[in-house]
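Enquirer: Based on the hints, put chain B in the right spot on chain A.
Number of protein chains: 2
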Amino acid sequence: MSKSINTKYIKKSKPSFSVDETVEKLLEGNIDALSRTITLVESTKQEDQDFSNEVVTKCLPNTGNSIRIGITGVPGVGKSTFIESFGNYLITIGKKVAVLAIDPSSQKTGGSILGDKTRMETLVQNPNVYVRPSPSRGSLGGVAKATRESILLCEAAGFDVILVETVGVGQSEISVRGMVDFFLLLMLSGAGDELQGIKRGIMEMADAVVITKADGDNLKLAKNAMLEYKNALHLFPASESEWIPQVAHCSAYENLNIDKVWEIIQSYENKTKLNGFLEKNRISQAQFWLNERINELLIAKFYQDKEAQNDKLQLEEKVKKGIISPFNAAEQLVNKYLKNE
Amino acid sequence: MSKSINTKYIKKSKPSFSVDETVEKLLEGNIDALSRTITLVESTKQEDQDFSNEVVTKCLPNTGNSIRIGITGVPGVGKSTFIESFGNYLITIGKKVAVLAIDPSSQKTGGSILGDKTRMETLVQNPNVYVRPSPSRGSLGGVAKATRESILLCEAAGFDVILVETVGVGQSEISVRGMVDFFLLLMLSGAGDELQGIKRGIMEMADAVVITKADGDNLKLAKNAMLEYKNALHLFPASESEWIPQVAHCSAYENLNIDKVWEIIQSYENKTKLNGFLEKNRISQAQFWLNERINELLIAKFYQDKEAQNDKLQLEEKVKKGIISPFNAAEQLVNKYLKNE
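Protein chains in written order, with the numbering used here: chain A, 1 to 341; chain B, 1 to 341.
Treat the hints with care, as some may be off.
Copies of the same chain are indistinguishable here, so a pair counts whether it falls within one copy or spans any two.
[As the list claims (entries may be wrong)] Restricting the straight-line Cα-Cα distance to at most 30 angstroms, the calculated cross-link-like pairs of lysine-lysine (DSS-like) are: (1) Lys320 with Lys45; (2) Lys45 with Lys58; (3) Lys321 with Lys96; (4) Lys336 with Lys301; (5) Lys336 with Lys45; (6) Lys260 with Lys230; (7) Lys271 with Lys223; (8) Lys25 with Lys45; (9) Lys321 with Lys273.
These aren't lab readings, by the way, just hints derived from the structure by calculation.
The shape of chain A in the complex, shown without the other chains:
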């Protein structure tokens, strides 16, 4: 980080741009520049990381001006359909909407944005919308970094509502919760929580539970489910945000109550801006990621060190043969590694 890399250019894409040119284009809302930079953020190459780090840093003064919304729910709940309706609504009231997906196991799942592009057709074509699929590889930590920095870049590019979609697999929700201001849980009516695979922990993270597909015969079921969730949410301890989680139902199909969801998010934003929680929460999120990333890098760099890995292989054999205790071996390895660095 110490030496300037302003003179380096993005090689992959033609034409190439310097860091300053990229930042300038980004701040103008240029989608190509945004896409290219996110690609570099997602890259594991050191030069790409260095370049994008500089861009992100230079963009920082122009970030923070959006509401960051995490959206989760099990496959089948209608996430893509909801996001499409919700996104279209936001555009009609003059918003610029970015949709990012986080899915650390995206090789396996079929429900992520990647496969749903066709279902979001109306959104993708709109110039006020930017849809970015999940990075297709990387550790949870790497995906978290890429997503969080993508949020910042989208903000710098002028997007004022950021939707972060997550697949319902537990760890990624917790990760997304640590990046967004507002966490929206989509649920189906008529299926028990168990059936929907939603853990109590996920419910507790939600700022709002929205029951989808509440149309036709489903509407009555949805209203009953609303009451149940309201009761369940009341049992949770009050949050530091002083916000009481809301429950609503909507139908993307009938375009019903989509505005209601935005209303809830707006009142959350107003309340937490007034009581200072929004800002405070963002600061503690940044501290959280600082600590997480330090831990992750300390471990990753040890495993990237060839000599340390050779030493480890040798001592591991001794551990397996019972010649040295694993704890003693670990201490020897780490001490030697840190002395060599």
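Expert: Relative to chain A, chain B alone:
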């Protein structure tokens, strides 16, 4: 580790012993030497760690000759009472029994061995029994290290059945599962799993479920519960050990079926010694702890480094002010730290 510390002596306790003297006494089954060494294993002082590391290493050839049994269950299930009955039974058949407790949050809980010493009176007084309360402080990783090395030291001292008691709090069970050959879950009849706070994950780790307090009016309930648990356990995927988890009931009060529990453990031991799983499992446990401890030490040493902490404080301020991204800051900090080491 590189320089010999054979010349160093245990200072805290009088009289002092060298590493070799300590090992010699330990191998003779001297309880004072065992207790003193476990105290050093639990100590956070570097010299104590160095000393006990040497003792453990020298004891290693004499370890592994016990059956290591993890015992868990929610408070109120009668863990201490069961352990007392079970321990007394084992003594009558000529075993030497060590009882260790693991409880990373022992400040808070009232159900650990520490508070139950009186209830284990008959055990504590027996020369063929060694009861060691949980270390009162330390991280989960630190407690895991202390417990695992205590197991080895007890084996070196001639104990052939090691009981590791854990309080029912999730994380510590997983930790104990990674140290023992056999995992025993104690349950009450008449209370649903939910009520007993036992998560499905804990059930899945069990090699046997034993329903306690199966006497008087409770006996019928216990027999019904047995059937239920048998059915539940059959739903779990087969384990690599080829062992089918067993269900039994017992009464410590009436001294009923305590021998049956030992019979189950014996047949597990026979089966897994024959098919090689016992040894294979111990080797992969050792590898697991090697990796866990490496990760833990890498992080701990960074946080012990004063310069790194100063740098971190400064960059953390910049992160909080939004001048630098937390990911960028983490990379700068870790790179500088590793170069300085």
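Enquirer: Hint by hint, say whether it matches the structure.
Expert: Comparing the hints with the structure gives:
| no. | hint | result |
| --- | --- | --- |
| 1 | Lys320 with Lys45 | between (35 angstroms within a copy, 27 angstroms between copies) |
| 2 | Lys45 with Lys58 | within (20 angstroms within a copy, 45 angstroms between copies) |
| 3 | Lys321 with Lys96 | between (61 angstroms within a copy, 26 angstroms between copies) |
| 4 | Lys336 with Lys301 | both (14 angstroms within a copy, 13 angstroms between copies) |
| 5 | Lys336 with Lys45 | both (27 angstroms within a copy, 20 angstroms between copies) |
| 6 | Lys260 with Lys230 | within (16 angstroms within a copy, 49 angstroms between copies) |
| 7 | Lys271 with Lys223 | within (26 angstroms within a copy, 56 angstroms between copies) |
| 8 | Lys25 with Lys45 | within (23 angstroms within a copy, 56 angstroms between copies) |
| 9 | Lys321 with Lys273 | between (60 angstroms within a copy, 17 angstroms between copies) |
This entry satisfies every hint, going by the numbered hints stated previously.
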